[in-house]
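J.: Single-letter residue listing:
There are 2 protein chains.
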Amino acid sequence: MNPYLHALPAQMRDVIRKGEFTLPTTGLCEGYAQGNLVILPEKLAYDFLLFCQRNPKACPLLEVSNAGARTFPTYANGSDITRDVPRYRIYRDGVLTEECNDVTALFDSYPERLVSFLIGCSFSFEFELLAAGIPVRQIEEGVNVPMYDTSIPCASAGVFSGNMVVSMRPISHQKVPMAVAITAGMPRVHGAPIQIGSPEAIGIADLAKPDYGDPVTIHPGEVPVFWPCGVTPQNAVMHSKPSLAITHAPGHMFITDVKNTALKW
Amino acid sequence: MNPYLHALPAQMRDVIRKGEFTLPTTGLCEGYAQGNLVILPEKLAYDFLLFCQRNPKACPLLEVSNAGARTFPTYANGSDITRDVPRYRIYRDGVLTEECNDVTALFDSYPERLVSFLIGCSFSFEFELLAAGIPVRQIEEGVNVPMYDTSIPCASAGVFSGNMVVSMRPISHQKVPMAVAITAGMPRVHGAPIQIGSPEAIGIADLAKPDYGDPVTIHPGEVPVFWPCGVTPQNAVMHSKPSLAITHAPGHMFITDVKNTALKW
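Same order as they appear, the protein sequences are chains E and D. Here this note's numbering is used: the first residue of the first sequence is 266, the next is one more, and so on. Here this note's numbering is used: the first residue of the second sequence is 266, the next is one more, and so on.
Check before you lean on any hint, since a few could be wrong.
Put simply, identical chains are the same to the list, so a pair is met inside one copy or across any two.
Under the rule of at most 27 Å between Cα atoms (straight-line distance), these lysine-lysine pairs were calculated in the DSSO-like manner [to be verified]:
no., residue 1, residue 2
1, Lys506, Lys308
2, Lys440, Lys474
3, Lys322, Lys506
4, Lys524, Lys474
Worth flagging that the hints you see were computed from the coordinates, not collected in a lab.
In isolation and in its complexed conformation, chain E is listed as follows:
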């Protein structure tokens, strides 16, 4: 039994901040949106903000901190960006060098001000799909969602470029229109699918071999449906080899005070 299923986000962030919870955040604070975190030096912030503006389906920005500030006042009032994620990844020159659960010292000692970006996450639309009676396979199978590199180029911005990464969920063909309609209503968390049923059309050769995450079963009568994925901006960042980038570790998300359903507004 998960004791944090109905925790309030501020309480949960406090538990995480104290170092008392370091696991993936799936299933925490039911109904509240979780987000992807990217922290970059200020000199890269304009290019990254522009990359997100130009690729809103893959990179739906929820909030951008002030330079040097450690909180997201709108989505998580009172939050501490450098301690409220249960597991961080630190990249130097594009190489993963460390995982930890507190980046405060690094954030404060870094010679340049850092800017934090909170990006919408598919957990939010999966919550709505489940609520509508549409099963989500990787949750059923207890694995990570399968993700694939595609041949769809992102619009580049300054030092950032790359192809779109997509996540895939098999949906029964009767429910595909419903799944499209529900997710289309949530553009701040990736929105509608980018492809339905034709993986080869976007450069995906073998669904059994995802580039990230785990393969899932596709049952007879199901169609693979592809959504723009938050790994897209992470990839664009890593390929540009910034002197420093801090992100959440996969599945260890930033928990916001905003309900998933409120993201329809």
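Given the coordinates of chain E, work out where chain D should sit on it, guided by the hints.
T.: Just chain D now, kept in the frame of chain E:
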């Protein structure tokens, strides 16, 4: 009879570029989205981009040019930002100093690179309202839409701050839900109303005295409905007194290749 009602956007931009059309753009290229234009020095671009990100309802960004580039490749391939608007306004230190129909020389000679921002315009959702049989009063009366300063603070970003400006359209009370639903489906052109029926709740004292534009008649049985307005970012820019800002003159918009209906995606 308007000879440009069914012109294609690229053809219309060409006519404007040649200086053969210098009037307001309402009624041109039926069905295609028109946008607000703001051009700023590169050193202000990050703050302005962040201001738009933080205030997406008032400042729904459609496209941002590369620094120093004179075209919007996504929304208007082949466009020339400095000649494709029929009337520009030039502000220096926040003061309107000139109106003209070509800012190429200024753009190219300015000592700093300039960045152009294309912002969604309520013309797009008015097209959808009319198509659904919801009258738009200021069009019926042949005047500018009434706009009002409000007490709703925008989220500030760097040098940019200010209160939200709203536009008002009287809607018959039976059609208010339909008008909300239609515009809510178009978040890239301001989206849903911010207030319905209670102007005093957002600091508006007298509907007969708009701060911008013209008053319109409110018939018995009609409710004043308020949408976030693209004058909001212009105000924020002027208050910050940038060394240079170039905008379209009111009503003289930038015509894009994207259909209004496509902005629902």
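J.: Against this structure, judge whether each hint is valid.
T.: Against the structure, the hints come out as follows:
no., hint, result
1, Lys506 to Lys308, "both (13 Å within a copy, 24 Å between copies)"
2, Lys440 to Lys474, "within (25 Å within a copy, 51 Å between copies)"
3, Lys322 to Lys506, "within (23 Å within a copy, 34 Å between copies)"
4, Lys524 to Lys474, "neither (34 Å within a copy, 38 Å between copies)"
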